[in-house]
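Peer 1: Given next are the chains, with one letter for each unit.
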Amino acid sequence: MKIEVNGETREVAAAQLDAALVELGWGEAKVATALNGSFVPAGARGATTLSDGDRLEVLSAMQGG
Amino acid sequence: MRDFYGTTLPLPLMLGTARYPSPAVMEAAFRQSAAPVATVSLRREQGAGQAFWDMVRGLGVHLLPNTAGCHSAREAITTAQMAREYFGTNWIKLEVIGHADTLQPDPFGLVEAAEALCADGFEVFPYTTEDQVLAARLVDAGCRVLMPWGAPIGSGLGLNNLHGLRSLRAAFPDVAMVIDAGLGLPSHAAQALEMGFDAVLLNTAVAEARDPAAMAEAFALACRAGALAAASGPMGQRDMAVPSTPVIGKAWL
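So the protein sequences, as listed, match chains A and B.
Just so you know, the first sequence maps onto residues 10 to 74 in the numbering used here.
Just so you know, the second sequence maps onto residues -6 to 246 in the numbering used here.
Read the hints as simulated data drawn from the structure, not as lab findings.
There's no promise every hint is true.
Here are the in silico distance ranges between beta carbons for each label pair [to be verified]:
id : chain 1 : residue 1 : chain 2 : residue 2 : range
1  : A       : 24        : B       : 214       : 53 to 61 Å
2  : B       : -5        : A       : 60        : 42 to 50 Å
3  : A       : 39        : B       : -5        : 44 to 52 Å
Only a predicted model underlies this, so the values are computations on that prediction, with no experimental measurement involved.
All C-beta atoms in this analysis are idealised placements derived from N, C-alpha and C, irrespective of residue type, glycine included.
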């Protein structure tokens, strides 16, 4: 299915968010996730099912003021 | 003594981590100033997040994640939730921006987000103005710290509305307040602390100095001076001159 990952369209095979993160290369990365504008805690990724057209945000630490 | 959700700081200086010429210069600024709080943010992961996370963790300071760039309560709430998980802290510098040019807070979105986050266990540091009605709403929402601006973010103008800030300080004697944004010089920080504010938060004034580490130290010294002055009970101002040398005993010449 096609989903939007950090603003870019990506093709993923995995149906669950945790598996999709591994597929996208973030299996070991420390990240925070939001799906369609709502926070998905790390512990809930395995139970979060992706659908075609979903908007996924994968964030990490950045400089800030 | 006013604290920050139970945390007392050895130095009333919160320092941003953005806009430095290099990560090494940022580290030097923290080392040379001994600033005990660092503000951080969350952005789309593009490969550099892990290294930055390792670096800020290595600073050994309190982390204050922000919701910078959020223009709605919903965006800010989701960002805060993500930041709490990522950085492992209930502290959140809540920014809900209402205007792109002034970066002035959106008071309505700010209160809405503060209510939701305080109810959800966050310890909210709202970036606000000197408006007392807004301050009261934020305190009612559960905020025990307020962060009124000195001047627009990044402007370096100092304390723009002395009367408004003084009134705000006096109106909420039990609420810890941090002057956030707009400071350009150490004298601005000293002035804020002399007025009874509990800390200052700044970034650009240090990061864009020719020598950021030295400027960070200058701000640290100013913060110490200002806090010590506030605790020492400043004299009242008078309109007329009063001689400091005793008049009694002066020779008849």
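Peer 1: With 53 to 61 Å as the target window, see if residue 24/A and residue 214/B comply at their CB atoms.
Peer 2: With Cβ atoms ~58 Å apart, the hint holds.
Peer 1: Does the Cβ-Cβ separation between residue 39/A and residue -5/B fall within 44 to 52 Å?
Peer 2: Hint violated: Cβ distance 34 Å, outside 44 to 52 Å.
Peer 1: Holds or violated: 42 to 50 Å for the Cβ distance of residue -5/B and residue 60/A?
Peer 2: holds (49 Å)
Of the numbered hints given earlier, the model fails hint 3 alone.
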